[in-house]
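Residue numbers (this note's numbering), protein chains in the order written: chain L, 279 to 483; chain Y, 279 to 483.
A portion of the hints provided could be inaccurate.
Same chains, same names: a pair is fine if it fits in one copy or spans any two.
[As the list claims (entries may be wrong)] With a Cα cut of at most 25 angstroms, we get these calculated SDA-like pairs of lysine to any residue:
hint : residue 1 : residue 2
1    : Lys410    : Asp478
2    : Lys341    : Leu366
3    : Lys439    : Arg477
4    : Lys380    : Val483
5    : Lys399    : Leu366
6    : Lys341    : His438
7    : Lys439    : Val483
8    : Lys476    : Asp430
9    : Lys443    : Pro420
10   : Lys341    : Glu354
11   : Lys410    : Ser400
12   : Lys439    : Glu473
13   : Lys341    : Met365
14   : Lys476    : Asn334
15   : Lys476    : Tyr359
16   : Lys380    : Thr393
17   : Lys443    : Asp430
18   : Lys443    : Gly481
19   : Lys476    : Ala344
20   : Lys476    : Asp396
21   : Lys476    : Arg360
22   : Lys443    : Phe414
23   : Lys476    : His349
To be clear, the hints were calculated from the coordinates, so they are not data collected in a lab.
2 protein chains.
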Amino acid sequence: MTQSGHQRMGKVGISGSSDSTFTTDGHPQPPSKRNISMSLSMYQASVPAFVQMLNNLSAILDKAEAHAESHEIDPEVLVNYRLAPDMLPLVRQIQIASDVAKGAAARLAGVEVPTYDDTEKSFDDLRARIAKTVSFVQSFKPDEIDGSEDRDINLTIREHKMSFKGQPYLVHFVMPNFYFHCATAYDILRHCGVELVKRDFIGTV
Amino acid sequence: MTQSGHQRMGKVGISGSSDSTFTTDGHPQPPSKRNISMSLSMYQASVPAFVQMLNNLSAILDKAEAHAESHEIDPEVLVNYRLAPDMLPLVRQIQIASDVAKGAAARLAGVEVPTYDDTEKSFDDLRARIAKTVSFVQSFKPDEIDGSEDRDINLTIREHKMSFKGQPYLVHFVMPNFYFHCATAYDILRHCGVELVKRDFIGTV
Chain L
279 MTQSGHQRMG KVGISGSSDS TFTTDGHPQP PSKRNISMSL SMYQASVPAF VQMLNNLSAI
339 LDKAEAHAES HEIDPEVLVN YRLAPDMLPL VRQIQIASDV AKGAAARLAG VEVPTYDDTE
399 KSFDDLRARI AKTVSFVQSF KPDEIDGSED RDINLTIREH KMSFKGQPYL VHFVMPNFYF
459 HCATAYDILR HCGVELVKRD FIGTV
Chain Y
279 MTQSGHQRMG KVGISGSSDS TFTTDGHPQP PSKRNISMSL SMYQASVPAF VQMLNNLSAI
339 LDKAEAHAES HEIDPEVLVN YRLAPDMLPL VRQIQIASDV AKGAAARLAG VEVPTYDDTE
399 KSFDDLRARI AKTVSFVQSF KPDEIDGSED RDINLTIREH KMSFKGQPYL VHFVMPNFYF
459 HCATAYDILR HCGVELVKRD FIGTV
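Just chain L, same shape as in the assembly (with noise of 0.2 angstroms):
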C-alpha cells in the first residue's frame, strides 16, 4: 500500500523525466510510430491533439457527405443540422473547434491569432478550413510553445474579457472547449444518421 492507500500493481518500469526528445519539422508522426520518451510539455499536450482530432473530424465530414448522397440529402442540410433550435449549427461547430485550436497555439506561442473568415458554406468548405488550421498549428516547432505555463493570456469572446495563465488556459478552457465542438459536431452527424463509431471520434492512438 502506498502513502495514500492505492494497491500498487507490481513493479512497472518509468524512465526519469527527460527532456522531450519530439524534434518535428512540424509534421509530427501519428502517436504510434513517434519516439515516445518524452515530457509531458504544453506543445505536446496542445498541438498533436489538435492535428489529430482535425485530422479525425475531417474523415468524419467524409462519411457524413457519402451518408448525405446515399441517403439523397442535401448536404446543406446536414452542414446546417443543430441538436436545438438554440444550439450552432455543425459548420459553426467545426468553425469554432478550428478558432479554438488556431487560437490555443498562437496565444500559447505569443504570435498573433490568424482571422478565417467564416464562409463555409459545404463539406468542401470545411475540409478546407480544417486542413488550414492543422497546417497553422503544424507550423509551430516545440519550443515556441514549451514553456508557456505561465503566460499571460488575454483574450475576449463577445465582449467578455478573460485572463488566464497559459497552463490553466490549455487544461481547463483550451481543451474542454476544442474538444467539445468536435464532440458536438459528431453528435450532430450521429443524430442525423451517419454511420459513425466512436473509434472514428478517437482515430487510431
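Chain L is fixed; fit chain Y onto it per the hints.
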C-alpha cells in the same frame, strides 16, 4: 519574424520551466485560486481536468433534474435518453466518463483500477457516481502520476487489447474519450430542452 514565420507580438515574460510547486493534499484548489507557477505534468494535465469537468457535470445534472420537475418529465426519461437509437443513453455517457477518469488516474499511477457497478438509475445515483469518481482521482498525489509518460499501459475494451505509453494514452486516448462522453451527456440534455449554456460545461476557469 521567428524562424517558422509567425509574427511575434512584443515580448511576454515566460518564466523558465520549473518543478511543480503544486503541493496538494489531494484537494486541488480551483484553477483560478491555484499557485500556477508550475510545469505542465501528467498529473496537472489529468486529475485537475477530471475534477473540474466531473463537478460541472454534476451541476448540469442538477439543472436537468430541475428541468424534469418543472416540465413534469419523468426523470428516468432524461436519464435514459439517447441522441439516436444506436447511441448510448445519458446514464452510460456518465458511467463511461467516470470509467475513463478513474481508469486513467489508476493506470498512470500503476495501481489497480477500481470496479464500480453500473447500477445507477436516478440523478441522485449519477451524482453519487460522479462524487465517488472525484474522490478517487483526488486521492492521488501529483508524484504518484507525474513521470508516467513512458509507463506501459495495457487495457482491454470489449475484448480489444490496447497498449500505449503513458503520454499518448493520456493525450490521444483518455482526454478525447473523457470529453467525448461529457460533451455527449451535455448534448443529450440540451437536445431535450434543458436550459444549459456552454459555461455550464466549461465552468469557472
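Going down the list of hints, with the structure as the test:
no., hint, in the structure
1, Lys410 x Asp478, "within (21 angstroms within a copy, 30 angstroms between copies)"
2, Lys341 x Leu366, "both (21 angstroms within a copy, 20 angstroms between copies)"
3, Lys439 x Arg477, "between (37 angstroms within a copy, 14 angstroms between copies)"
4, Lys380 x Val483, "both (22 angstroms within a copy, 20 angstroms between copies)"
5, Lys399 x Leu366, "within (14 angstroms within a copy, 30 angstroms between copies)"
6, Lys341 x His438, "between (37 angstroms within a copy, 24 angstroms between copies)"
7, Lys439 x Val483, "between (36 angstroms within a copy, 12 angstroms between copies)"
8, Lys476 x Asp430, "between (36 angstroms within a copy, 23 angstroms between copies)"
9, Lys443 x Pro420, "both (18 angstroms within a copy, 20 angstroms between copies)"
10, Lys341 x Glu354, "within (14 angstroms within a copy, 33 angstroms between copies)"
11, Lys410 x Ser400, "within (15 angstroms within a copy, 45 angstroms between copies)"
12, Lys439 x Glu473, "between (40 angstroms within a copy, 24 angstroms between copies)"
13, Lys341 x Met365, "both (23 angstroms within a copy, 17 angstroms between copies)"
14, Lys476 x Asn334, "both (11 angstroms within a copy, 23 angstroms between copies)"
15, Lys476 x Tyr359, "both (20 angstroms within a copy, 18 angstroms between copies)"
16, Lys380 x Thr393, "within (9 angstroms within a copy, 39 angstroms between copies)"
17, Lys443 x Asp430, "within (5 angstroms within a copy, 32 angstroms between copies)"
18, Lys443 x Gly481, "between (30 angstroms within a copy, 16 angstroms between copies)"
19, Lys476 x Ala344, "within (18 angstroms within a copy, 30 angstroms between copies)"
20, Lys476 x Asp396, "between (28 angstroms within a copy, 20 angstroms between copies)"
21, Lys476 x Arg360, "both (20 angstroms within a copy, 15 angstroms between copies)"
22, Lys443 x Phe414, "within (22 angstroms within a copy, 27 angstroms between copies)"
23, Lys476 x His349, "within (22 angstroms within a copy, 32 angstroms between copies)"
Figure legend: structure checked against the earlier numbered hints; every hint is met.
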